[in-house]
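Student: So the chains spell out like this:
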Amino acid sequence: MDLEQLYQQHSRQVLATLIRLTGEFELAEECLQEAFAAALAQWPSEGTPGNPVAWLVRTGHHKAIDHIRRQQTARRHSELLTPEVEGPSDQGTAIYQDDLLRLIFTCCHPALGREAQLALTLREVCGLTTEQVARALLQKPATLAQRIVRAKRKVREARIPYEVPDQRELPTRLPPVLQVIYLMFNEGYSATEGARVVDVSLAAEAIRLGAMMSRLLPRPEVYGLLALLLLHDARWAAREDGEGNLVTLEEQDRSLWDQGQIEQGRHWLMQALAHPDPGPYTLQAAIAASHADAKDPASTDWAEIAALYGLLYQKWPTPVVALNRAVAIAMRDGPAHGLALLDQLAADKVLQSYHLFHAARADLYRRCGDRDRARLAYQQALTLVRQEPERRFLQRRLEELSSS
Amino acid sequence: MKYVALVYYQESTINDMTEQAWHDLNQECLGCVEKLTEGGHYLAGQALQPVESATTLRVRDGEVQLSDGPFAETREQLAGFYLLDARDLNEALQLASHIPPARLGSIEVRPVRELPPKDEENR
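Taken in order, these protein sequences are the chains called A and B. Reminder that position 338 of the first sequence reads as 338 in this note's numbering, one-by-one numbering, no gaps. Reminder that position 39 of the second sequence reads as 39 in this note's numbering, one-by-one numbering, no gaps.
If we strip away everything but chain B, and leave its shape as in the complex, we get:
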């Protein structure tokens, strides 16, 4: 069985963190990925840029509608995800517009955030 673990937090909590605390959290995440990989459980994962970099896409009557932000209807539930490799936002949106449920609900397109390199002393 494969499972998706979706990560949620209040961005304000992160924004209030000191640089050191944020750094430590990232390092902890790297360690977690390492452990899961060793155990053979880690398939893929990706951190995301803050929610304000999100664009929401819908296709209605064959027309692509874009809006700034993550404003999915609260009655919509997360149904899956695609990890896309695109040159820039335009290409990402163009690819996302072909995801069939774009016609029914909405697709939030958000850039991934590369985790920083692992600290030397932790090795």
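Just chain A, same shape as in the assembly:
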């Protein structure tokens, strides 16, 4: 295996273990680089070791001990002076896999802000450079670097432990991890405009992380999240036309949907649904799967989708879920029913400033044939929309209304 490939596949594992052994992010990162540099120098002449990951961990650990000795703080870190001789063996991989989980749970610790969690996860768990993370999140590299430095300092100073939460803590500690992965996916899925130079796909990173979590921490809601990401991502090629215009689900060319990925999504959804009491990600994945089952928009099972949104609303009573539920009911029972439900939601402050609420009303008015109200609602949506492709889409709808 060449070294670059090895770095891509195992550097996060080696880093995660080095953080546990050294107790420090910065030192572990430095030693990770040095271990790979040593491999680059030695392996071509001496041959690749039987267990390269174990070799890298051992070498990195020795480098760390050297560093600490040089800093003459060896007394405070005396436990480091008994180097771990064992590397990850085939039997003993569990503890090393736990190191990756330790790293994820530390980066997504709820005492860190959401933005810090996301930046730290992309940097440490996904192994992106600070510049790559900054570009992907459309931020200045200096701002992002500062955020990462600050987050690491908090981990150190506040003593956030490097551990996998126990069964008792897991119900409160897993959701932030899943939220970070979900947020990462959405950033990647929506941040296309003005981000043409992006050389990494956050959506792909999120799927990779979701797959890793499914392997390391097999839980129904982890499967549900992975299913959701795969099913959404499968529609990637169809959601924009050649000119970068947004194409609605209804108008998408379904032959462009990635059937292989839909199959994978369904597989994970089935795993998730094998357990009682599905969580919010699993329910959203079920909705996405229901759309994927429909050969064309007319054969969409809106009764099933409306029922799923109903369940989702019980779990997650947010205004946006209520909006989606109303739209599904409108598709099942007719636009007038949907409009009645949306009128009930109109007092909600969040929805009042949410462009998709007004866009949904506009669409239902359009379907009812009430062009004046539809026009007003589209105009309202246009004053609130921020993303360029969505703005163009709303503008197009408004123009179609006037010309027809």
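Misleading hints may appear alongside valid ones.
Here are some, though not all, of the chain A residues that point toward chain B, as calculated from beta-carbon distances under 10 Å [what the hints assert, rightly or not]:
#1 I148
#2 A151
#3 R153
#4 E163
FRET-style restraints, in silico, Cβ to Cβ [claimed, not checked]:
#5 L384/A <-> P117/B: 17 to 27 Å
#6 Q314/A <-> G69/B: 24 to 34 Å
#7 R87/B <-> K349/A: 35 to 45 Å
#8 L138/A <-> D24/B: 38 to 48 Å
#9 R153/A <-> P117/B: 18 to 28 Å
If you are wondering where the hints come from, they were derived from the structure by calculation, not from laboratory data. Note that beta-carbon positions come from the ideal geometry of N, C-alpha and C, so glycine has one too.
With chain A fixed as given, assemble chain B onto it according to the hints.
Tutor: Relative to the frame of chain A, chain B by itself:
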């Protein structure tokens, strides 16, 4: 009567200090503690890590909510303090979640900062 003396300053003032000035300030603090102890007035005290190491905890409807930083509502006033001994932040947060006013206001959890050893020549 017992009194709490709460220490406030702008961290930027400290960050702008030279290492020597910061060192001197710490030594002065040690001297102050010594004097108060001699006079029988010193009960307990602790320096804190910078505010960016803070985590704010609230309990609402029996659920623990955490946020990064010291962002107490400005209309909230300091009502007391607990000095806790915990293994790590997780344990500290878990202990703090049982402080009853966590349900009403917020609890800022901040690690203490150990003062450096006293300079030899000052003895």
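Student: Taking the hints in turn, state whether each one holds.
Tutor: For each hint, the structure was consulted:
no.: 1; hint: I148; in the structure: violated (13 Å)
no.: 2; hint: A151; in the structure: holds (9 Å)
no.: 3; hint: R153; in the structure: holds (7 Å)
no.: 4; hint: E163; in the structure: holds (8 Å)
no.: 5; hint: L384/A <-> P117/B: 17 to 27 Å; in the structure: violated (59 Å)
no.: 6; hint: Q314/A <-> G69/B: 24 to 34 Å; in the structure: holds (33 Å)
no.: 7; hint: R87/B <-> K349/A: 35 to 45 Å; in the structure: holds (42 Å)
no.: 8; hint: L138/A <-> D24/B: 38 to 48 Å; in the structure: holds (44 Å)
no.: 9; hint: R153/A <-> P117/B: 18 to 28 Å; in the structure: holds (23 Å)
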